[in-house]
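A.B. asks: With chain A's structure known, arrange chain B on it following the hints.
Taken in sequence, the protein lines are chains A and B. Heads up, the first sequence is in my numbering, so the first residue is -15 and it goes up one at a time. Heads up, the second sequence is in my numbering, so the first residue is 6 and it goes up one at a time.
You may find that some hints are simply not true.
In silico lysine to any residue, SDA-like type, Cα no more than 20 Å apart, as pairs [as the list claims (entries may be wrong)]:
#, chain 1, residue 1, chain 2, residue 2
1, A, Lys299, A, Val310
2, A, Lys264, A, Ser291
3, B, Lys301, A, Asn207
4, A, Lys199, B, Gly311
5, B, Lys301, B, Gly311
6, A, Lys199, B, Ser313
7, B, Lys236, A, Val69
8, A, Lys199, B, Lys236
9, B, Lys122, B, Pro101
10, A, Lys199, B, Glu305
11, B, Lys236, A, Ile201
12, A, Lys199, A, Leu210
13, A, Lys243, B, Tyr263
14, A, Lys243, B, Gln264
15, A, Lys199, B, Ile309
16, A, Lys243, A, Phe229
17, A, Lys264, A, Val276
18, B, Lys236, A, Ser213
19, B, Lys236, A, His61
20, B, Lys301, A, Glu204
21, A, Lys162, A, Phe89
22, A, Lys390, B, Pro52
23, A, Lys162, A, Gly81
24, B, Lys236, A, His202
25, B, Lys236, A, Leu210
26, B, Lys236, A, Pro214
27, B, Lys301, A, Arg205
It should be emphasised that the hints constitute simulated quantities derived from the structure, not laboratory data. Quick caveat, the model's predicted, so the values are computed rather than measured.
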Amino acid sequence: MTRSTFASASSAPGSGRALTLLAGWHVALSVALVGGALATLNSAAASEALRIAAAIGLALAASGSAAATLFIARRNHLGRTLSLVVNYIVFLACLIGLAHTLGVFMGLDDLADYMARGFPFGMGALFVVGYFISTTALHERPVSLARRNLGRVLMALGAIGFLLTAGVVPALASLPGKYISGNLLPLALTAGVMTTGYLLWSMWRGESARAMGAKNIHTERLNGWLFLSPNLLGFILFFAGPLLFSLYVSFTNWDSFNKRDWVGLDNYRRVFNLTVQALKTANQPAGDVIDVRVYDELLRANLFGQSYLIGAEDKRFWISLRNTLVFGLLAVPLAVIPALALAALLNSRLPGMRFYRTLYFIPSVAAVVGVALIWQWMYNSQVGWINYFITNAISLINSVLGSNIKDPQIRWLADSDYALLSVVIMSAWQWLGFNTVLFLAGLQTIPRELYEAATVDGANPGQQFFNVTLPMLAPTTLYVLTTTTIQALQVFDQVFIVSNGTGGPGTSTLTMTLNLYQNGFQSFRQGYASALAWVLFVVIFAFTLFQFRRQRRASGAYDM
Amino acid sequence: MSYRAIRAMRGLAIYAILSVFAVVMLFPFLVMVFTSLKTASDTFSYPPRLLPGEHVTIEMPGFERPLPLYNITAESGETKQMALVEENIRVGVFAPLDPAGRPNFNRTVIRRFGEVKLAGGAEGKQIVIDGQTAPVYEVESDGQIAEMIVLTRTTVGQFINPANPSETVLANVRLSQPVMRVAAHPENYAEVVNLLGFDRALTNTAMITLLTVIGQIFTSVLGGYAFARLKFPGRDQIFLLYLGTIMVPFVVLIIPLYQLMVAIGWVNAMPALILPWLYTAYGTFLMRQFFITIPKEIEEAALIDGASRWSILTRIFIPASVPALATLATFTFLYAWNSFFWPLVVVNTGNTRAQVLTLALNVLRGRASDSPNLILAGAAIAVIPPTLVFILAQRYYVESVTSSGVKG
Chain A
-15 MTRSTFASAS SAPGSGRALT LLAGWHVALS VALVGGALAT LNSAAASEAL RIAAAIGLAL
45 AASGSAAATL FIARRNHLGR TLSLVVNYIV FLACLIGLAH TLGVFMGLDD LADYMARGFP
105 FGMGALFVVG YFISTTALHE RPVSLARRNL GRVLMALGAI GFLLTAGVVP ALASLPGKYI
165 SGNLLPLALT AGVMTTGYLL WSMWRGESAR AMGAKNIHTE RLNGWLFLSP NLLGFILFFA
225 GPLLFSLYVS FTNWDSFNKR DWVGLDNYRR VFNLTVQALK TANQPAGDVI DVRVYDELLR
285 ANLFGQSYLI GAEDKRFWIS LRNTLVFGLL AVPLAVIPAL ALAALLNSRL PGMRFYRTLY
345 FIPSVAAVVG VALIWQWMYN SQVGWINYFI TNAISLINSV LGSNIKDPQI RWLADSDYAL
405 LSVVIMSAWQ WLGFNTVLFL AGLQTIPREL YEAATVDGAN PGQQFFNVTL PMLAPTTLYV
465 LTTTTIQALQ VFDQVFIVSN GTGGPGTSTL TMTLNLYQNG FQSFRQGYAS ALAWVLFVVI
525 FAFTLFQFRR QRRASGAYDM
Chain B
6 MSYRAIRAMR GLAIYAILSV FAVVMLFPFL VMVFTSLKTA SDTFSYPPRL LPGEHVTIEM
66 PGFERPLPLY NITAESGETK QMALVEENIR VGVFAPLDPA GRPNFNRTVI RRFGEVKLAG
126 GAEGKQIVID GQTAPVYEVE SDGQIAEMIV LTRTTVGQFI NPANPSETVL ANVRLSQPVM
186 RVAAHPENYA EVVNLLGFDR ALTNTAMITL LTVIGQIFTS VLGGYAFARL KFPGRDQIFL
246 LYLGTIMVPF VVLIIPLYQL MVAIGWVNAM PALILPWLYT AYGTFLMRQF FITIPKEIEE
306 AALIDGASRW SILTRIFIPA SVPALATLAT FTFLYAWNSF FWPLVVVNTG NTRAQVLTLA
366 LNVLRGRASD SPNLILAGAA IAVIPPTLVF ILAQRYYVES VTSSGVKG
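One chain only, chain A, in its complex shape (with noise of 0.2 Å):
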């Protein structure tokens, strides 16, 4: 304390001149953003909504930038803060062009190749024993010096060692060569890391600090928003700007090359259009009553006597729409109702039940694709285990009970009758364990005093489950509806690797992220792929907000 008052009487002279200089820059930092915005919206690099917004992001930076520029020479805290606003996102933009044009994230690809040779791991390894080594040594009593020396030692040599065998050494090596390759915006953007690194370091300092008047709060501001910046880089490139450049693709015919018009609304109409027309008689041909070129036939129904034929735009939206809806509602309840069974057992306080907690719950930490490709080889409908079960079984119930079953040999994933439940009973498998353990966890919280008193009513077991068990565990229960019905409704992996990509046999297994996936990545029908995408994500909304809201009615019932 007494060292940074002391510090504050003598250096005010020096952080003058450094308010100067930062002013100083902050108008030459207005001026060439200014110049960059008019630049960016003259220039034909990109498309003109994306220059447009550029253009606007260099304008507020410029004018943050004057205005901190001003608050600067008023010696207002308002200015600390634009200064060091505007000056970490210059620095962060210098520093992640610097690292691409030098090839840093591209260099990720060639510390592979080092570390596909095995060494690298090996010192990784060193490093961390000895990190324990020489942390450990610490927390004995008396202190091993010499443990904590040979920790140090062990942490030396895996780094070096790291540095050496990954390959560290010649990507430095290359280095210097781009910044001479005649290339200048490697340097300019070094000049522009370091001075603003200075200028950061310069106004962050409790001399300007205190020279510009800012106070503990405000330093607990920039604090608070320098802490989360990583994370909202990420938020807004990686999440934010996608989502709504989504939103703008779906409504364009974008093919993911040139071809980028807008076109309104017609993805979503094409994703719903439909048409019925009734028909003369049941087999009349579905040309005669709709315009084949843009129809497809997607069923027929009888309605009191008379036939009608529907036709699709989308034929496979329609049945993939169909399929992930048949999928979540044979795989939900299969994932939920034996999972509650198993959890009240679970509930039962006896001896090992960590262990099968733990047994059930490694399923769902496996890779969908393998576990894919397990079920793929036990549906194997000559040599699979599933039908030597089934036909076993179907000899034991016909020796005992004297019936006459015949064993029906199903080809599981090769019949289209049959393949998209095939993948209901392993997606199911799989998501049991978790929601066992959900469920128990809900099952725990609920107070005996509860049981007792109904014991002491006389409600018998099945009573108390349904009306103490049951309305207690509502939370949790829709909790494991809503997280399970939305990880069924996206169902990509598993009908992937059964169909090959395909969706089939036929498209039974086709769901709509396959189908999303099919428009976009193999016809390359981006525009329509993310019109797609958005039906999805609207008919997983609904879904969430139906189970909310029959949740609450149906804890409105339960309100004492």
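C.D. replies: Here is chain B on its own, set in the frame of chain A:
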């Protein structure tokens, strides 16, 4: 029944049901591990066997090649292990005639046609059964000559008893039980690694997972601390926005993210598999919820002592939140290791430099469709590491799934 007996019965029933489900949950993994150790031909044997096996053979003097052993039931009803000497011998199945002149189906014997002769001398004796005439043979059985007729003709193999080479038996090879011995083939793993560059895929996946875990912990810890402990304008609005984004499905982002990668030039490259995943609303939320429970007094004391926010975070908050960090690390590990959709979109099939395990498995599925042993060895390489991580970290992970109720 006493109360104690009822309780014991109930406990037994619970263990029985839980154990049945435990078998159901584990069985596919057992299939994976054991099939991955089989030979390709062994995987296609029916009925399916769990353990990898191979046919036991025996070296016998006088035979060039080792002879396969089978369990053979002799005519006396005794089962012995016998070696197959000769295959495709044409034989007849003979049935003795009972006094009424009808064949006795219960005492059939197998004989080569060279060993028997027709009864009744040169003209041959014939018998009429159910309107059909059949030649009668004289067949030696149990040291006696009996009159028999041929029921069917078939091909069999000749088996000898290795302990007593003069004892031979004819039996159908296909219907005989081979003597199997458990024999694992771990070289399948080496083969799968060489076949598709699984080593590179494993390295890439490990690197991507490691960097994603480190990066996510970095952004989540900083962001979580800011949300939990620093007051700044817009904090609560941004936090609500973050919470809302947990609902947005990933598929909505996949096309714009892909286009972003195209624009930066990261398609088919490792950074595309790491950098978009460094921010997560879920991780930030998890860390924030944990930091909020740390008492404020400790932090205030440190602030008065002149500690910076950074040193408060690294000296006080991070050491106190090891369980939350372990949970976040495990969640991120599983997510990064198992992800398939995004790598499928952003890495082309056949590209080896940015190959990850799930993609390599997808390629392997197409290329080795006739060797399930190799496919499942690949699946095991992809499935076993996350399972081990989960078992090591499950104390934190399962607890936090149950307390925070968030799904990965």
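A.B. asks: So, for every hint listed, does it hold in this structure?
C.D. replies: Right, here's what the structure says about each hint:
About 17 Å separates the Cα atoms of Lys299 of chain A and Val310 of chain A, which keeps this hinted pair within 20 Å; it holds. For the hint linking Lys264 of chain A to Ser291 of chain A, the alpha-carbon distance of about 7 Å falls within 20 Å, and the restraint holds. At most 20 Å may separate the alpha-carbon atoms for a hinted pair to count; Lys301 of chain B and Asn207 of chain A meet this at roughly 17 Å. Distance restraint check for Lys199 of chain A and Gly311 of chain B: the Cα-Cα separation of roughly 15 Å lies within the 20 Å cut-off, and the hinted pair is therefore satisfied.
For a cut-off of 20 Å, the pair hint linking Lys301 of chain B to Gly311 of chain B stands: about 16 Å separates their Cα positions. With a C-alpha separation of about 15 Å, the suggested pair Lys199 of chain A and Ser313 of chain B falls inside the 20 Å cut-off, and the hint holds. Pair hint Lys236 of chain B plus Val69 of chain A holds up; C-alpha atoms about 17 Å apart against a cutoff of 20 Å. Under the criterion of a C-alpha separation no larger than 20 Å, the hint pairing Lys199 of chain A with Lys236 of chain B is consistent with the structure, at around 14 Å.
Only pairs whose Cα atoms come within 20 Å are accepted, and Lys122 of chain B paired with Pro101 of chain B is accepted, the gap being roughly 14 Å. Taking the CA atoms of Lys199 of chain A and Glu305 of chain B, the gap is about 17 Å. The hint holds against a cut of 20 Å. As the CA atoms of Lys236 of chain B and Ile201 of chain A are separated by approximately 8 Å, the hinted pair is consistent with the 20 Å bound. A hinted pair counts as satisfied when its Cα atoms are at most 20 Å apart, and Lys199 of chain A with Leu210 of chain A qualifies at roughly 17 Å.
Using a Cα cut-off of 20 Å, the hinted pair Lys243 of chain A and Tyr263 of chain B holds, with the two alpha carbons roughly 17 Å apart. This hinted pair checks out: Lys243 of chain A and Gln264 of chain B have alpha carbons roughly 14 Å apart, not beyond 20 Å. For the hint linking Lys199 of chain A to Ile309 of chain B, the alpha-carbon distance of about 15 Å falls within 20 Å, and the restraint holds. Between Lys243 of chain A and Phe229 of chain A the CA atoms are separated by roughly 16 Å; this keeps the pair inside 20 Å, and the hint holds.
The suggested pairing of Lys264 of chain A with Val276 of chain A holds, with an alpha-carbon distance near 18 Å, which does not exceed 20 Å. With a C-alpha separation of about 14 Å, the suggested pair Lys236 of chain B and Ser213 of chain A falls inside the 20 Å cut-off, and the hint holds. Between Lys236 of chain B and His61 of chain A the CA atoms are separated by roughly 17 Å; this keeps the pair inside 20 Å, and the hint holds. This hinted pair checks out: Lys301 of chain B and Glu204 of chain A have alpha carbons roughly 15 Å apart, not beyond 20 Å.
For the suggested pair Lys162 of chain A and Phe89 of chain A, the alpha carbons sit about 15 Å apart, so the restraint of at most 20 Å is met. Our distance criterion of 20 Å between C-alpha atoms is met by Lys390 of chain A and Pro52 of chain B, whose separation comes to about 18 Å. The straight-line distance between the Cα atoms of Lys162 of chain A and Gly81 of chain A is roughly 14 Å, inside the 20 Å bound, and the hint therefore holds. Between Lys236 of chain B and His202 of chain A, the direct Cα distance comes to roughly 10 Å. Compliance with the 20 Å bound is thereby established for this hinted pair.
A distance of roughly 12 Å separates the Cα atoms of Lys236 of chain B and Leu210 of chain A; the hinted pair therefore holds under the 20 Å criterion. As the CA atoms of Lys236 of chain B and Pro214 of chain A are separated by approximately 17 Å, the hinted pair is consistent with the 20 Å bound. A C-alpha spacing of about 18 Å is found between Lys301 of chain B and Arg205 of chain A, which places the hinted pair at or below 20 Å, so the restraint holds.
The structure meets every hint from the earlier list without exception.
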